[in-house]
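Colleague: Given the structure of chain A, go ahead and fit chains B and C onto it with the hints provided.
Chain by chain, the residues run as shown.
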Amino acid sequence: MYSNIIIPRQWSRLACVCRSVASIEGQKLPQTSISSDGISPPPRIPRGSTDILQALAATVGNDPTAAHYKYHDDPFLIPLSNFRKRAYALSAEAGRKAAAWIRDEHANLFTTREWDPPMKMKTPYFNADPQIPAYAPKPFYNDESIVTEIDLKYTIDNALLEDAIKVFELLGGESGLSSELKLSFLQLLCFYNEKEPVAMEWVEERWFAAATRERHATTWKLGGLADKIFTSMEPKTPEAYCAIIQGMAKYFQAERAYALTQEAKEKGIPLSTSVYNSLLGCIGFLKEGVSLRIEALKGLLVEMDEQGLSPNTETLTACLKSLSAWGGGKTLQGVALQTVAEFRQLGIEPSLSAYYYLLCLFCKDQGPKIDILTNIIADLEKRESLEPTEAMDTNFFITAMGVCSNHLQDINLAERLHALLMKNDNYKLVGDAYKESIYYRHFVTVACRFAPFERTTQLLDMLIPNIYVPEPSVMEEILKALELQGAGARLAAAWRELLVFGHAGRARLVERLLRALSCCGREQDDEVKEQMQTVAADILKYGELAEEREEREDRRSPTQKLSARALSDVLELCADARCDAGWAAAAAALRRLRADAAEPAPAARAALAALAPRAARHAHHALAAATVSYLAECGFEEAIPASIETLSVILNRTTEEVGKLLEENKPSLTTSLQPAALEIAQAYHTAKTGTPLRDSGSSTSSDSDSESSDDD
Amino acid sequence: MNTSIIKIAQASNALSQFSPVFASQFHTSSALCRVVSGKYRITKKRDRPLTYEMANPPHYIAHRKSWNSWNTSSLKDGLRKSETAVEDEFIRRFINGTWHGLVCSEVIIKRQFNHIRIAAIMRRAVSPTKMYFLLGYTEELLSTWIQCPVTLELQTVDSYEDVVFKYI
Amino acid sequence: MYLIFCHKSVILNKLIKMSLFIRNYKPGVAYNAQILWRFNSTTAETVKQGEDEEEFRVLDILHKKGKLQKRVNRRADIQPDRSEKMPTDQNWGNVWPGPRSFHPSSVPLPIRQGYVPKGQAPPGKKANAELMKIPNFLHLTPPVVKSQCEALKKFCTSWPKLLNSEEAIEKNYPMEIISSDYCHASPTIRNPLARIVTLRVKLSNLKLDSRARDKFLRLVGDKYDEKTDLVTLTADRCPVRKQNMDYVNYLLTACYHESWTVEDWETDKCLEDMEYYDFDLNPSKKNLVNWYLMSNNEDNNLNDEQVKNFDVSKIPNGVEYKSAVSELFNEGESDLALNKYDTSVRKLLGLPEKKIAN
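Chains as they are written, first to last, in our numbering: chain A, 1 to 712; chain B, 713 to 880; chain C, 881 to 1238.
No lab work stands behind these hints, which were simulated from the structure alone. Values in this document were obtained by computation on a predicted structure and should not be read as measured data. Any given hint could be a false lead.
Claimed, not checked - Below, a list of computed lysine-lysine pairs in the DSS-like style, where the Cα atoms sit at most 27 Å apart:
#, chain 1, residue 1, chain 2, residue 2
1, A, LYS480, C, LYS965
2, A, LYS435, A, LYS480
3, C, LYS1082, A, LYS382
4, A, LYS166, A, LYS138
5, A, LYS298, A, LYS267
6, B, LYS751, C, LYS998
7, C, LYS1041, C, LYS1082
8, C, LYS1026, A, LYS423
9, A, LYS70, C, LYS965
10, B, LYS878, C, LYS1006
11, B, LYS878, C, LYS1005
12, C, LYS1202, B, LYS842
13, B, LYS756, C, LYS998
14, C, LYS1107, C, LYS1202
15, B, LYS756, A, LYS70
16, B, LYS751, C, LYS965
17, C, LYS1166, C, LYS1194
18, A, LYS70, C, LYS1006
19, A, LYS298, A, LYS287
20, C, LYS1005, A, LYS70
21, A, LYS267, A, LYS236
22, B, LYS842, C, LYS1005
23, C, LYS1082, B, LYS751
24, A, LYS423, C, LYS1082
The shape of chain A in the complex, shown without the other chains (with noise of 0.2 Å):
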């Protein structure tokens, strides 16, 4: 039974090769059970054509070291900023357009099957075989086009709207159809408010769409060419009446939809189920004051009952919908829970949409906390599988989040919230772009608050990059966290995380990121500290570079510098400098404050005073020297003692021999000292005496970065 099988020479075993299939076809095969009597094969196990992909995807987990799919593997092209995922994914949107452009431009030519040569005109197989529609040129419609009822049909089903409208009125508008292509393509119409719809096979441009906030506003177009066909339409059917009823609602266009209803009814034309969920959705835009609006809202529920219609899932969507519209307070509260509670006994369950509805109604910013998302995740999570019924389905995560970080602050529930997101596929229901971004924003902001450091970084680790990029206010509240744990390691590499997602020019951020790395640097390993001075440097460098950046191209928008306060962080971080990077964002440092004429932070003035004498000690006897003018320059008087203890270890003299030398005669030091002991002579003499010895003209020195020239 297993004979037959060609053995593939050697070398062609790595190609794919052709492997042939001993089969049992063509003998009677009992189908009973599960081989009952031992002999026959057991009854096939029934499955569809893509259930066995399915299940090979399934043993794929994802993996936090790779950017999405979407995305090429390439250390030059993965993205990672918020900026640069958007810009990639698009562009490569761009150039599928600009092909299918030329596929559709130069349909004639996508069509022919070129590569059978001529002399194999006879040949069976195609170039593809089964042939792929996808890849096939759209039809093109334009007013020459010899077009069919079976074009309108083909244009209806693949929801081309434009060009449906382009064929019907090719086929002679209303007159030249048959009723049934009539309701189709009037269904078609109302459902899109006859605006062309961004194709599905625009994947990005879908996900990427900026999410605009439903406009509760009518945009129905009265008169259109949906209205014509309906009026056109002898006899209006039920399934007219409701397509357009539906469209109407759906685009707001309240009154005439109502006026509609009540004329289907007058003619005792039966209604469905739901065009009367999307009367409920808007029934809001007939009356004024809530408790009109509640009265009208039971009205048509009852009318409902009267025509002997069952609710669904959607109409208590819809009712929610339209209580969470008209405002919050308790009387709406009560209502919803009411209707939920009726609809719960009818065996109705709350959809995802309800859900997002009713935090709406009851979690409000300002409001008061009450918490509902505790039992209404319990009840989510004992349902088997979250399938997606409605649009509004993907807002549920988004804003249950937000109600985890803003509203309850509960990192519990944020978790449990995000194990559901996690369960199995319902990763889909995250919605697109925009909101797959704000929902993270606030898990990481509720999980920077209140987790345990283990988690978030853990939390922080999975995430950031590739699947989310934080914005500067989650960035910030990353920052704290981790200075509020001290993880030094952590803030060294956030700078470089600062720079990819684009934040370095902000100087908030920049500016917070110095604070942590000053206040935990003290507690640090020698090997960390020197990360941060390193870090600190880079900083700085940066901006000078920026800075500079400007100047050459003359900037508008200037960048932010950094504050003094930041600048004394790097003093104080540098305080003790073990590498050239720490000595040079000292000495950057320095130089900044001394150019801005700033006064350092009160912290900054022990740094500085213990600066002084180190930097002399690793021979950067200029940097010392700066340090000590400067404090002098202050006023402070820790200028003195540092002043003496530098100069003591430049000259290598005990502090008595130095103080005694620095009374004496002024002129005589002149000649003996190099000028880095000359300048903390002259610094000395500035802080004791109180009057600034320097002249006026070699003030300007400061400007350089080298020791200032100062000579009596």
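Modeller: For chains B and C alone, coordinates are given in the frame of chain A:
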């Protein structure tokens, strides 16, 4: 170029009707394969850059370097032999033209079922955004042209010097 | 571009310090290099002063400076390989889920490939086109294969228990249909070779008597292999496998039933028409039987039918004799056959064995 191939094919077809011998011995170039083709002359200054692919002449295929096209057409009884070869040539020219001046290596074409994977090494001379545009464009256009799903698998390098194996 | 700041002291010109702060602008460089020259001199100050007041530009004919400064524009914003960030306990199947060309930044292995003269290191994994060419099996590591098998188990049914040996399979499923499915790299999934269908069945499994068997063998001709006792029917004349399968089934059915039908003319076949020597039909048997009966003093008046049905194995050494005679006639005379005939006759008649004269 495509038309000329078809013309030659037609000519050979016409001739083969009269003389099968002629058809089977159809040959256009003098036999230089072992002498000059695929080999590079040493320059005076010894500054001609060669990639690994160029440094190994054709007779080292399967010994020191491997094929640039991987498919089952070249196996015994493979289907679409000529079509595959012409398609591969089309893909190579298309890639070299579309990614003009960026391709640093040979274009490697692997086919599995109806999936075509095109691998190449590109220079980072244009911005990633432009590269993504070209990626999307190339994949979509080749897919519609050959009616197979096409995937590009690129590796980027800083400059051409990164792929240089030696100078002769 | 050079910016030169020159500071000189005015009041005390005993000591002159000049600091030249030269900045080198190189667009695209991540961080500017700062070069600092410091002249600390107490003598010859006046000369230097004069020189620094006015700067002369040097005529650069060969553009040497430009050449020197020309540098590879390495992009500083390229992130490190993601393989460096990979934890050692990661699930490799998630990183490399499907067939894909090799990419150095995603594979945390120090791989090299390429032929180089002795003593050199082969080219590394970066920018190595050879590594991209060879089909890799990074997506089919043993753990991945294992997990995929687990995932596919739910689609599989168990093997019937009693079909545990080749013999059992052969007994329960005597007929074998062989067809081949082909996977190949091409836009079409059709392969003309997939239409070919082969049917195999053991002749002993068909219910045939000797006559029908004889006729069946005549019908199938060289489709029958005596060594394995297999009848192999292959069909490739129809374009589709289904049709070919129907055709082989039809062929077998037709041959079987045809071999059972007895045509009128078949009875006309007499001894002269036999295409082989059948011991039972020939006078040799009659002679043998008669001789045997006579030598045992038994009743000797059997008719032809009784002779034909007489069991030779009752006669001592009869079977041997029968096979020797049949062989002699069917396979022609040869030393071996003749010797065999000789010994069997001697045994049959009780004669002493042949003495081989030396």
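Colleague: Please name the hints from earlier in the document that this structure breaks, with their numbers sorted from lowest to highest.
Modeller: 3, 12, 15, 16, 23, 24
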